[in-house]
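Order-wise, the sequence lines are chains L and W.
All the letters of the first sequence, read from the start, carry residue numbers 11 to 763 under the numbering used here.
All the letters of the second sequence, read from the start, carry residue numbers 6 to 157 under the numbering used here.
Incorrect hints may appear among the rest.
Said to hold, decoys possible - One-sided and incomplete, this derived list gives chain L residues near chain W with beta-carbon spacing under 10 Å: (1) P227; (2) R234; (3) S300; (4) Y353; (5) L428; (6) G442; (7) V659; (8) A665; (9) Q671; (10) G672; (11) V675; (12) I678; (13) I704; (14) H706; (15) P710.
Simulated from the structure, these hints should not be mistaken for laboratory data.
We treat Cβ as the ideally placed atom computed from N, Cα and C, and that holds for glycine.
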Amino acid sequence: MENIKSQSRRDFLRSSALAGGGLMLSFNLFAEGRRSAAKAAEKVASLNLAEIGSELAAYIKITPDNIVKILCPNPEFGQNVMTSLPMIIAEELDCNWKDVVVEMSTHDNVKYGSQFTGGSNSVRMYWRPLRQAGAAARQMLIEAAAQTWGVPASEITTKSGVLTHPNGKSAKYGEMASKAATLPVPKELKLKAPKDFSIVSHSKKNTEGVKVVTGKPLFGMDYRVEGMLIAMIQHPPAFGMKLKSFDATVAKKMPGIKDIFSFKLYDDGFEQAGFDTRAFNEVIAIVGNSTWEVMNARKKLSVQWESAGDVKETLMGRGGKREVTVPGRLETTSSQMEMMADYAKKPAQQLRKDGDPETAFKNAATIIERTYNAPFLAHNTMEPMNFFAHVQEDKALVAGPLQAPGWMEPTLMKLLNLPADKIEIQMTRMGGGFGRRAYGSYAYEAARISQKMKAPIKLIYTREDDMTYGIYRPMYTATYRAALDVNKNLIGFHVIGGGIPENPVHANRFPAGAVDNYLAEGWEIPSNITIGAFRAPRSNFNAAAEQSFLDEVAEAMGKDPIQFRLDLLKRAKENPVGKNNDYDASRYMGVLELLKEKSGWGKPENAGKKRGVAAYFCHASYAGHVVDMVMKDGQPYVEQVTSAVDCGVVVNPDAARNMVQGAVVDGIGQSFYGALTHKNGAAEQTNFHNYRMIRHNEAPQKIDVHFVQNEIDPTGLGEPPFPPVFGAVANALFKTTGKRYYNQPFMGESQKM
Amino acid sequence: MAKYNLKINGKTQQVEVDPSTPVLWVLRDHLNLVGTKFGCGMAQCGACTIHLDGNAVRSCVLPVSAIGKQEVTTIEGLSANGEHPVQKAWLEHDVAQCGYCQTGQIMSATALLKNNPKPTDADIDTAMSGNICRCGTYLRIKEAIKTAAKAK
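Same shape as in the complex, but just chain L:
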């Protein structure tokens, strides 16, 4: 039991009566976690973070018929927040999970904050406020029962939504809800001890499961209103190209076509916030009655494109306003590789330096140097980008799949010249996000098209539109160097990384803090190819490169790869180098130890296995995998994976295992096959026939997931298990094939370079 006194409890909670009887407890999602939430979101965002809300808008409703309605503030894209967040409330409320109904909120920047889904943030951000709200409601119900029965509140216990007194009296929550609504909110809240949890840490099925398996209209693609038109866009065929002219005479006469026009998304001089990224400012809209008619008319368009040249843009980043020049060159993958190799030799920005790395490398008996490359990746969410918009003169309704409604609202306000309270944003379930849907340009396009058509429209991207639009995971390279002394001790470590257009290096992560002489450097190459967050941004490359490199260093030192990491972490824990180390060495070690135990690492029965190991820290959590690989039909195949994760308290264990298993499959697929390459600015992969995705028969037969058991407040889970898969796969490939893999995708053409 934990007692919490808040200096401003009344700012956090407010009770009121429900029409028709019952209790509504409103609360502020950010009273407690406000600063940490903002900080966490900022980490992922790097931009104009919308003001976090302060209104008591989240709620618990308990009706006289004993139904408990809980609002889910964040959009759902498969991370299962519509189950896990309500579980947290229900736990402290001590209600019967079967009585809980989950409602998805609409968007409101003032009430709910940005409602950002991403950065593995949802559970860790809301953990405390949701628990407190649940506890407050429970205490009010107890007080209501105490007054009704004339007994001390301290003698009343609760279980599964029932209040009981030793004298034999009992009542369901619903019976006391109306009375509770007349009581003041408690001044002191009693939170349960994790050992007493009966809902949290006990698996619950997806609250949306039945709707998913019966094909109910959950997704943006499924959104429709009476009289809605269908719209598509035609964007330039290559990054660095723009619209010159087009002739739609034939296309406009096609059946069902309402209009075809070009439009500019942003006006000249538009100040772009960080999530306003768009690949092409001027596109052609094709609008008609039905999807197939629009698709057919689009084929009849005659369009001339031209080089866009260098383009000046105004960006509003965290550091304020800055002017940038987006280069006009039409990029080709082979020249991108050359450009990166060239940049890697130039002086770079120093990100961190400990000790005297120059001397360490000068005095080294052995220097190991390896370079790792990875291509652009397309998110390829199964549901292509789409959005509904109905823009009228004095108001607008927009609806669709969005990870960051709060960051879109200010942009919509500027584009439509409407105040926030005249723009309603509805969030549909997302058919995958992985970072892609944090960038709302498709929603803005829908709004522009609706505005022009003066009608409700749904914009649909084809798979080709989606895959060739950009917002990719950037292309990266990194060179790692390790200095060993004559006794094979690691005396120096150097990483220099860069990318198009972003530097991936996390300078303050492991092995920073564990090596006396350490240097991290980074560089960037500007590009017109748009990029965006992709499940564990930067980490998904760093874990591949660094964890492969550490494997090779351990081998050179004659050490077991897990023991090598543990030794370094021990150093970081007991006598850290530098102060600014992002990770907690103890938790990192804990994951490696659990992984070692659960995988039977080094055990005689596993001696014949071709195994690779890797572990990584990101989004405040720790995850590692042991990958068992075999050759199947002449190809490397990941047969089995053992995973260990420390993400603090696991709210919904079976769903969490599902998430980790998915991350493993995703990681194997991306590392083996994922690549988006370019020729003269154009994406060379356009659909799933030439962008290879991991398929059913390529997934492992078994993925065993283990969580470190502790009582730490939850940390991230959606992203952390993903990055280390890449490293573990690379290391298993070495054991299986005898060859080190430095270039992703591991089963791709780049292996030949």
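Keeping the supplied structure of chain L fixed, place chain W upon it in accordance with the hints.
Chain W alone, transformed into the frame defined by chain L:
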């Protein structure tokens, strides 16, 4: 434009569309049966899987003119409330993450089990490798299919 009388989920429905219109868009745009999903438009991902006389087909490349008298079953025709054994198995294993591909997965699995009630792992691999799941739920899909096979 042409008129078609289509037998869908046991009911005859009339639509007037261009003969080249894929069944996917007839279902989604004209009949408001949106459980069948658009993923790629070229029979590569399986999100649009339906049954034609009980066999799994990709509706995104199937022109409505090609159906004739064959019976169409969509996810909405399996059961209204998720009571079909395959849907129940999906719920038991809590397969879905984002859920977008799952109706197509379920339709492929149902067709597999109809033709092969006791599939081996290899049979499942073959039947299901045309359905992409971006969230990576393949292991649970396989387990759910095995559970559904036992339930029959």
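Check: Which of the listed hints are broken here?
Finding: 4, 5, 7
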